[in-house]
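Those protein sequence lines, which keep their order, are chains A and B.
For the first sequence, position 78 (counting from the first letter as 1) is numbered 78 according to the UniProt record's numbering, and the numbering increases by one without interruption.
For the second sequence, position 188 (counting from the first letter as 1) is numbered 188 according to the UniProt record's numbering, and the numbering increases by one without interruption.
Careful: at least some of the hints might be erroneous.
Copies of the same chain look alike in the list, so a pair counts if it fits in one copy or across any two.
[What the hints assert, rightly or not] Below, computed lysine-lysine pairings styled on DSS-like, alpha-carbon distance capped at 25 Å: (1) LYS44 to LYS335; (2) LYS311 to LYS335; (3) LYS365 to LYS52; (4) LYS335 to LYS365; (5) LYS324 to LYS44.
In short, the hints are calculated from the structure, not lab data.
There are 2 protein chains.
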Amino acid sequence: MQRPYNFSAGPAAIPEDVLQQAASEMLDWRGSGMSVMEMSHRGKEFISICEKAEADFRQLLAVPQNFHILFMQGGGLAENAIVPLNLSQGGAVDFVVTGSWSQKSTKEAAKFCNAAVAATDEAQGFTHIPDPASWKLRGDARYVHICSNETINGVEFQQLPDLASLGCQAPLVIDFSSHVASRSVDWSRVGLAFGGAQKNLGPAGLTLVVVRDDLLGHAMAMCPSAFNYRLVADNQSMYNTPPTWGIYIAGLTFEWILRQQEGAASGVAALEARNTAKAELLYQAIDGSQLYENRVARDCRSRMNVPFFLKDESRNQAFLDGAKARGLLQLKGHKSVGGMRASIYNAMPLAGVQALVDYMQSFEKQG
Amino acid sequence: MQRPYNFSAGPAAIPEDVLQQAASEMLDWRGSGMSVMEMSHRGKEFISICEKAEADFRQLLAVPQNFHILFMQGGGLAENAIVPLNLSQGGAVDFVVTGSWSQKSTKEAAKFCNAAVAATDEAQGFTHIPDPASWKLRGDARYVHICSNETINGVEFQQLPDLASLGCQAPLVIDFSSHVASRSVDWSRVGLAFGGAQKNLGPAGLTLVVVRDDLLGHAMAMCPSAFNYRLVADNQSMYNTPPTWGIYIAGLTFEWILRQQEGAASGVAALEARNTAKAELLYQAIDGSQLYENRVARDCRSRMNVPFFLKDESRNQAFLDGAKARGLLQLKGHKSVGGMRASIYNAMPLAGVQALVDYMQSFEKQG
């Protein structure tokens, strides 16, 4: 039976291979007699799962050895507090606001530090990324925060800013929740990256933090121990009991990514090629239609989250109902924006995007 | 095939029925075409799962309507910070220290409030619960914290203290991580209860908080929004993306508990009868032997976590190896205490305890 195509923005589709394997190992993980959920996190079975997940993630995104990979909890929303608690020392932090998530991050950080907006595209409805040359970066900023892909607004940095070339010595912090592992990362430009797992990596409840060694050890006194990066790193993500199931599913997903091939490319490079093709197919269909529109500037359209609107909004419900009947699920746009949104993460095959495009065209013709 | 018996202290055994159902629904939850891990937390499918889990938990522990049931993240260790951030207002908080967990809670809370030890059994190696009449409770305490079952030390409150009868008006906070849903709770004596799910309720990464209505809304300014009980309650545990898989498995576990029967008793009462019988069987075997010993006073021995020592510690590894060969897993004691520990949570059947007792007796006879 063909499974439906699930366009949820997160929690989101998981590769079918991963689900099959998780189901088959549910009662007995590889002869251990236990489900992964039943294993002590300090036992050799789970430690092997966790170490392999970390090593595979390091390989697939070419994470340098001077970065720690941490498995944490609380999602991006908790990290909006945890990052300033660990990095700001209560000082200046600059934010570039390109959508709902970076806006939330700014507001939350202001509880803990001197947060300021270095640039914002709010006046244009979050459809552009302000030119880095225009960012008002402070000389005493402890770090500069961006959301490298805005899930709700569909705005993605096609390359990370080079802060050093802007005369800024502060580390760059990126919230890469909704496009992690969909493309390569230039770690030379990054100090810390964080992301909830529930878009591209696995189930909700697991947060991934990749942090450069020199940024550990500066937490404020009011930082809860469970969220102190130094303690988490020193204890191999087991200072408190980690979300073991999430790490296991993420690990299976990393293995799935490493197996992917597109022509000569493999792993993340293969996915990047596939994701580029998927996004082009969908944006071309939108741009070529009379009914649909996407309002984001072409140079910063997200490859992962494609918000679009029906010019005749009275047809929204009919569009969603028809989609569901065809096995095209969870296309409703975020409540703060309205319209539609197709999230086409790593686990969405090209065939799923083609099925959506076919449906959109036939729906438009029905008029 | 008979599954092994898993005595892990947590993450711990999960009822086989729950695992079977989770495996069977992995690719398609009840005709939705999605795994639970793939569902938007804001979609009607997942909302129905979450609402049912909450209602079932309320039913099984008879949680009064003026208490909120929150699904959070971070485990007991994070709650050690989150509770004082929400309840202390930076004022006085009194702790009763009966083992490793209440000791950790005291230390963490001291970052946020004026934490003091009202009573401690450290001098006796955490083998007794200090008589509540002896507790030094301060008149201005914002709350009084106990760990109602100490997982590492095997010390359990057989009844909750009645603070009002001690002349104390502060709410009681209980860390019930390792015995939640194993016995009834007298909510008239409790202001807030919290617990990680990974002992009796489901997988690691889900934290349950049960909090009385009047204790919401007093969070300190430095409390991260994701961990502000008022915001979590007002948003039905969806202020940030909740750990959806954990809530689903906990929900299946709640259904399993509600189905349990022992004689005329059902639900938690049935489990309480079964847990009492299991603990008696194991403690009698220990007390009746020449080789094994448990050092906890009889009136506060845990029904869930039974630490025991071999009087000849040179035989420890042989004991563990022989146990594993018989399908009796994860019996090694916590590294801070040594020896052995049998965690016999709700999911452990009487037959599992009987198998352990049989093995212990045959091992002792081998000499």
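Quiz prompt | Numbers of unmet hints, in rising order | solution = Hints 3 and 4 are the ones this structure does not satisfy, whereas the remaining hints hold.
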